[in-house]
Each structure stands twice: as C-alpha cells, then as structure tokens.
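Participant: Protein sequence lines correspond, in order, to chains A and B.
Following our numbering, the residues of the first sequence are numbered contiguously, the last one being 496.
Following our numbering, the residues of the second sequence are numbered contiguously, the last one being 496.
It is worth saying that the hints were derived from the structure and are not from the lab.
Some hints here could point you the wrong way.
Treat identical chains as interchangeable: a pair holds within one or across any two.
Stated by the list, open to error - Straight-line C-alpha distance at most 27 Å; calculated DSSO-like pairs for lysine-lysine:
#1 Lys426 x Lys345
#2 Lys345 x Lys449
#3 Lys239 x Lys426
#4 Lys449 x Lys426
#5 Lys449 x Lys242
#6 Lys239 x Lys193
Computed from a prediction, not measured in an experiment: that's the story for all the values here.
There are 2 protein chains.
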Amino acid sequence: MLGERVLLGPGPSLLPPEVSAALSEPMVGHMDPDLFPVLEETVSLLRDVFQTENELTLPISGTGHAGMEAALLHMVKPGERLVVCSAGFFADRLAEIARRIGAEVIRVEAPWGKPVDPADLEKMLKAASGPGASCVAAVHVETSTGVLHPIRDLARVARAHGAMVLVDAVASLAGAETPVDNWEIDACYSGSQKCLSAPPGMAPISVNARTRGRFSPATYYLDLELLWKYWGSGHAYHHTVPVQFVYAMRAALRLVMDEGLAARFERHWRNTRALWAGLQAMGLELLVDEPHRSPTITTVRIPDGADDAKVRTRLLREYNIEIAGGLGPLRGKIWRIGLMGHSSQMRHVLTLLSALEAVLASEGVKAARGAAIAQTVASR
Amino acid sequence: MLGERVLLGPGPSLLPPEVSAALSEPMVGHMDPDLFPVLEETVSLLRDVFQTENELTLPISGTGHAGMEAALLHMVKPGERLVVCSAGFFADRLAEIARRIGAEVIRVEAPWGKPVDPADLEKMLKAASGPGASCVAAVHVETSTGVLHPIRDLARVARAHGAMVLVDAVASLAGAETPVDNWEIDACYSGSQKCLSAPPGMAPISVNARTRGRFSPATYYLDLELLWKYWGSGHAYHHTVPVQFVYAMRAALRLVMDEGLAARFERHWRNTRALWAGLQAMGLELLVDEPHRSPTITTVRIPDGADDAKVRTRLLREYNIEIAGGLGPLRGKIWRIGLMGHSSQMRHVLTLLSALEAVLASEGVKAARGAAIAQTVASR
Numbered sequence: 117m118l119g120e121r122v123l124l125g126p127g128p129s130l131l132p133p134e135v136s137a138a139l140s141e142p143m144v145g146h147m148d149p150d151l152f153p154v155l156e157e158t159v160s161l162l163r164d165v166f167q168t169e170n171e172l173t174l175p176i177s178g179t180g181h182a183g184m185e186a187a188l189l190h191m192v193k194p195g196e197r198l199v200v201c202s203a204g205f206f207a208d209r210l211a212e213i214a215r216r217i218g219a220e221v222i223r224v225e226a227p228w229g230k231p232v233d234p235a236d237l238e239k240m241l242k243a244a245s246g247p248g249a250s251c252v253a254a255v256h257v258e259t260s261t262g263v264l265h266p267i268r269d270l271a272r273v274a275r276a277h278g279a280m281v282l283v284d285a286v287a288s289l290a291g292a293e294t295p296v297d298n299w300e301i302d303a304c305y306s307g308s309q310k311c312l313s314a315p316p317g318m319a320p321i322s323v324n325a326r327t328r329g330r331f332s333p334a335t336y337y338l339d340l341e342l343l344w345k346y347w348g349s350g351h352a353y354h355h356t357v358p359v360q361f362v363y364a365m366r367a368a369l370r371l372v373m374d375e376g377l378a379a380r381f382e383r384h385w386r387n388t389r390a391l392w393a394g395l396q397a398m399g400l401e402l403l404v405d406e407p408h409r410s411p412t413i414t415t416v417r418i419p420d421g422a423d424d425a426k427v428r429t430r431l432l433r434e435y436n437i438e439i440a441g442g443l444g445p446l447r448g449k450i451w452r453i454g455l456m457g458h459s460s461q462m463r464h465v466l467t468l469l470s471a472l473e474a475v476l477a478s479e480g481v482k483a484a485r486g487a488a489i490a491q492t493v494a495s496r
Numbered sequence: 117m118l119g120e121r122v123l124l125g126p127g128p129s130l131l132p133p134e135v136s137a138a139l140s141e142p143m144v145g146h147m148d149p150d151l152f153p154v155l156e157e158t159v160s161l162l163r164d165v166f167q168t169e170n171e172l173t174l175p176i177s178g179t180g181h182a183g184m185e186a187a188l189l190h191m192v193k194p195g196e197r198l199v200v201c202s203a204g205f206f207a208d209r210l211a212e213i214a215r216r217i218g219a220e221v222i223r224v225e226a227p228w229g230k231p232v233d234p235a236d237l238e239k240m241l242k243a244a245s246g247p248g249a250s251c252v253a254a255v256h257v258e259t260s261t262g263v264l265h266p267i268r269d270l271a272r273v274a275r276a277h278g279a280m281v282l283v284d285a286v287a288s289l290a291g292a293e294t295p296v297d298n299w300e301i302d303a304c305y306s307g308s309q310k311c312l313s314a315p316p317g318m319a320p321i322s323v324n325a326r327t328r329g330r331f332s333p334a335t336y337y338l339d340l341e342l343l344w345k346y347w348g349s350g351h352a353y354h355h356t357v358p359v360q361f362v363y364a365m366r367a368a369l370r371l372v373m374d375e376g377l378a379a380r381f382e383r384h385w386r387n388t389r390a391l392w393a394g395l396q397a398m399g400l401e402l403l404v405d406e407p408h409r410s411p412t413i414t415t416v417r418i419p420d421g422a423d424d425a426k427v428r429t430r431l432l433r434e435y436n437i438e439i440a441g442g443l444g445p446l447r448g449k450i451w452r453i454g455l456m457g458h459s460s461q462m463r464h465v466l467t468l469l470s471a472l473e474a475v476l477a478s479e480g481v482k483a484a485r486g487a488a489i490a491q492t493v494a495s496r
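Here chain A stands alone, though its shape is the one from the complex:
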C-alpha cells in the first residue's frame, strides 16, 4: 500500500470519504433492476452539474481521453473541418485525435500560457476558404498551462459562423462555471478525477439535440446513442458498466450538489487566490496573467537555482505531497498545482506553501521566508 498522498497535481484529486466508501459497496450486476435507479439519479445529477437540459447526458466508461474521443466522434464526420483553439498540450491532443478520425483540422493558436483570442478565431473563420468549419473545439481550462479560456465568447463567435461548439471541461466541470445551456455549448465532456473528485475512470459527457443523429460513428464502445440506450430509460445492454465507479460518481455528484455549484465555484476561487498570494509573497512568479488564470490549476515558474525533479521528489518523499511539472515546451520551466474538488482546501494550501518554502530553503534557493503564509491568510 502506498502512502496517503496530498494530491495537489493537475489530477487526480483527493477522494472525499463518501466517495471512497461508495467504491466498496457490494457488487451488483449491470442489468440488476435495483441498479437502474442509480443510473437514473447519476444522469439527473450530471445534468445539474453541467447546467443543462440535454437528454443525452451520461458518464462514459473510460477516462477523460475517452470522453474527448467520444465527443469528437459524435461531432465531426470524417472529412469535415474542425477548428481547434490551440494553446497547450490538451488542445494539441484534441487536434491529434480529430486528425486520426479523419477530420480536417485547422488551428487558431496562442502561445502556451495565453488564451486563444476570440478575435483571432473570428478572423480565421472569416478568412477560411472552402466549406466552413462544422465545429469549433476549445479547452476550457488548459491543464498544461493553467489558462481559463473565454468559452462564452469563443462559442458566440463560432455560432455566428454557423459552427457547432465542442468544449473540453475536464479541468473545469464542478470547479469553474461551465453552464452548458446558457453558453450554448453543443457538446461538453469532462473527467471524473478532477473537480468532481471521483476516481479516474469515467468521463461525463453531454450533447444537445441539434448534434444528434447526424451519422453513425466508426466506434461501438464510444457511440453515444448506443450508450444512451443503456443509461436512458430503456436500460438496454450495451457493455458491462463499471458498477463501483457508478456508485462513486453518484456519491461525488451528490456532494457537488449538496455544496451547491455557486458555493463550490467560490471555494475554488478563494483557495486558488490564496495560493497565488502565497506563492507571490515567496517571490515566485505565476505563468499566466491574472485575468486568464484558472481557479482550478495554478502554474508557477520554477525559480532560478531550483532543480525541477529534485524539488518535486522531495515534496513527495518528505511531505507526501504531489504537484506536477510542465509538459512540452514548459517542461522544466513551471510547476502545476491543482486545487480541485476535495483537494481545494485551505489546509492543503498552507501545507504546500510551508513544505515548498522548507524545500526551497534547504536547496539554497532564494525566496522570501515566512511571508507566504501570512499573505495567504490575509488574502482570503
């Protein structure tokens, strides 16, 4: 058995005790009539969390990447044009998966650490020759950079040009405002293990009526209409659903709605702002400009003199705290700190700041001493 980690990386987050307990409920079959109300409650709670009336809303039996692939397979026919708002690792992955399934992919880019500008999307959509884009995809919180994208504005531009809107809410759902219906998002997916604080292994997804029935995708496992026949009122056999994860997902969703979405978003903002204040008081620099920072993932530049891997290893070995390094061009340049779901707690902010200060001090890295915690507390 491994040590009990304080999970402050970009996912998975810590599990609330109610969710852990749900994993050990007794096993039942996927066609057990007593399981069906559990499926229905899970779907209904998911709609509440996505803030949608969409009928087709369910958790896919796979991780966030399965959600990404399912959403693309649902939204983009091979040969159609997909515009990806691209400013990080996960937007790149979206583009890669879309290419594999045969889409023509066009990117609107921004440097890693900045958001894609809706004005750039608009310019590109106006200038593009040939048939228009059938879909515009954007990542709400880019997990590799900590940028919170202006989804509402990007979606408005896309719609104005007749394109459908596909949003990756893996690192935002239940942690930052993502009202699917209000923002007129056509398809939205997430992962279980971030702001929902369920175990990794399920991918909530919701798609609206106008995207449905356009074609049959080249997949069986990720075919949303077939999945809906099981999760919806028919409960027709599709595959053996991971029962333990369904229980855990339901428990996690109940906790989200018991806390209330507004209170939960406010908690994420409050704790993350406290973290920013503390890190900056230590003399560290944040990667993202304040207006574009996510309330769920913070990226901080690694200070001069600090060894990326060594600092993270010491946090893990000496304090049992997980944070993450950078990806791609940001590898070795930033640390990524997640305060998501059950991990977003003030005591974890204080634990991390104290541990980081102690490690940096003993590594001889120049950083202000003692200021971080005072500033963190004052900032709340």
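Starting from the structure of chain A, add chain B where the hints point.
Facilitator: Chain B only, in chain A's frame:
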C-alpha cells in the same frame, strides 16, 4: 446500498475480499513513481495468466467491449477482410464493430448453441475469392450460448491459410485453458469482471510481435502502442489510468496465480460439472451438447410452464441470486448461469439448485424434487 447479491449470471462475478479491499487503497496519481512497480507487476502477472511471452500485454482502461474494439483496431486495417466465426451474440458484436471500423466482414456460421466447425472455416477460406482473409476472429466462450469453441483447431486452420488469429477470451481467461503462445493466438483480449473476478472496467489484452507496427489505428484512446508507452518501461503519460482498478486487477491476478492456473481450471470444471448434474437431475435440459460445454457458463432450457422473468425475479428478490436470461433468438428460451472466478464455489451451486427447485415448485412447474443436490454432490 443494494443487497449483497450472489452473482451467478454471465458476469460480473463476485469479488474476493482481497479485491474489494484493493479498491479502497489510498488514491495516488497516475504518474506517481511508487505506482510504476504496481503497473509492472500487473503486466507481468497478466502475461502469466495469458500464458504468453508477448511484450505488449496490458489492461485497457475500459470494459471487455473496449478490449474487443482495441483488438480489432490493432488487427484489421480498414478495407481488409476479417472472417468471424459466428455462433452467438458476441461474435455478432465483433462483426458489427469490425464493420464500423471499415473491415470487410465474412462469417462462418453455426446455429446458436453449437460451435463453429473448423472444417467449415477451412472450406470457406479455400473457397473465398479475391484477397485472402487477413484475420480470423473467434469467441472462445460464447457468453450468449455457453459454447466453448475449439480455438486451438480454428487457429491452426486460420494460420494454414496465412491469416492472423484474434480470440475473444472475455468469458474464459483464468477460467478455462487459454494458452496464447502455445495455441499461437496473435491477439487475445478479455474482461476484468468474469473469471478474473476483478471489478468491471478493465480489459486485459495481449498481442504478439508479428501483429505490431502494421499501421496506426484511427483511435487514440485504444491505440495499443501508445498505451504500451505508459504501461511498459517508459511510463510516458497517455491518460489518467484508473488507479483503483489497477490495484484491484493486481490483487485479482495475484489470487489467480496463487491458486495456480491448473488448479483454477480444474475448480471451474468440477463446479460446473456438478451444476450440470444437479440441473439434469431436476429434469432440466442443457442447451449445449456435452463436448462443447464451457466450464464457466452453463445454459439451460427454461422448462415448460416456467415464466422466464418471473423465475429470475423471484431468485433475485427472495434469494438475492442473479442469473441471466437468453439473448437474441434464445431470449425466453434459456437461462444463463455463470460459475466464474470467485463465483465458482460449490456452496453457490447448492444454493442456486435449492432456490431454483423451491421457486419452480411454488410456480407449479414439473421438476424432480430433491434429486438435484444428491446428484450434484455425487458427481464431484
């Protein structure tokens, strides 16, 4: 919380306590260095259970259907010809998924309840015009009928005609002899929740060297080479692996190898034969002729005068026992009883026989009384 079921359907099976306990081990990240030895041990144990030296052996983060789709995507390029040995629901699904990914599918058929005859496969492969079949797919235990296919012979015929061999071992792996290397199977997949008695949600798969590197499949989530970069020695990030399921899978695999494959197969045969003896002593008729019966799933004809749904509902409500009905053309005609993994225990055989006798008696169905248990015990 639902009642504690005695799971005697065609999956999921009961979880051993060691596997349930593994689900509540503390959460760690998918890139935690302490998790890597767990991944490596899981892969190594999986190779033992598949009886293979194949390097690329891992559990996919999805259910058995994800394994089916991944195997097909790995083995069959769009446009290539796939022969499916077709005699039940799951062979049909294999054909359906293959068609969706663009394969040309040809079937060699047998009636539901019989196995596909290797001689028929041979005739078809000889007679087929145009380019030869690149791959022959067969279902080892057809979960919808309880037939155990002669995989060794089917594979020999396929190889003799230059075709690769793809085997569905969802309802056989760790319950019936499936030696991948000895039978020269090129790709083999299974599910976690049947004879392995891990929770549903993972799909073990193993592919050999000659099938690798032929092309890049049109999927990211199920791309085995990319998955291997995470599960293999590199541990490069691909997706957030469901950590709890990895723990549970490792615990289940350890139990399989602690028992020993030979002893485990013998246990499955012994308990299933006892079930056959008991059912027949009650006057019930088995669907499959004895030489073709599976040691993991038994199919029994519903006796005259018995109401399919009513009997199953009474077993569930009055005795907390799950068995399953028939699929497709066998709906309403048979019951399917699984004795798989941890569910394959003599006490469960006796419980089911007594409960079934009691229910049939109170429904006024004509069946021998009291003989089943004596015959079951005598048969061991």
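Participant: Please go over all the hints and tell whether each is borne out by the structure.
Facilitator: Here is how each hint holds up against the structure:
1. Lys426 x Lys345: So Lys426 and Lys345 pass the 27 Å test across copies only (24 Å; inside, 50 Å).
2. Lys345 x Lys449: between (47 Å within a copy, 24 Å between copies)
3. Lys239 x Lys426: neither (44 Å within a copy, 64 Å between copies)
4. Lys449 x Lys426: For Lys449 and Lys426, only the intra-copy Cα distance (13 Å) is at most 27 Å; the inter-copy one is 65 Å.
5. Lys449 x Lys242: neither (36 Å within a copy, 62 Å between copies)
6. Lys239 x Lys193: Close inside one copy (24 Å), not across copies (39 Å); limit 27 Å.
Of the numbered hints stated above, those contradicted by the structure are hints 3 and 5, listed in ascending order.
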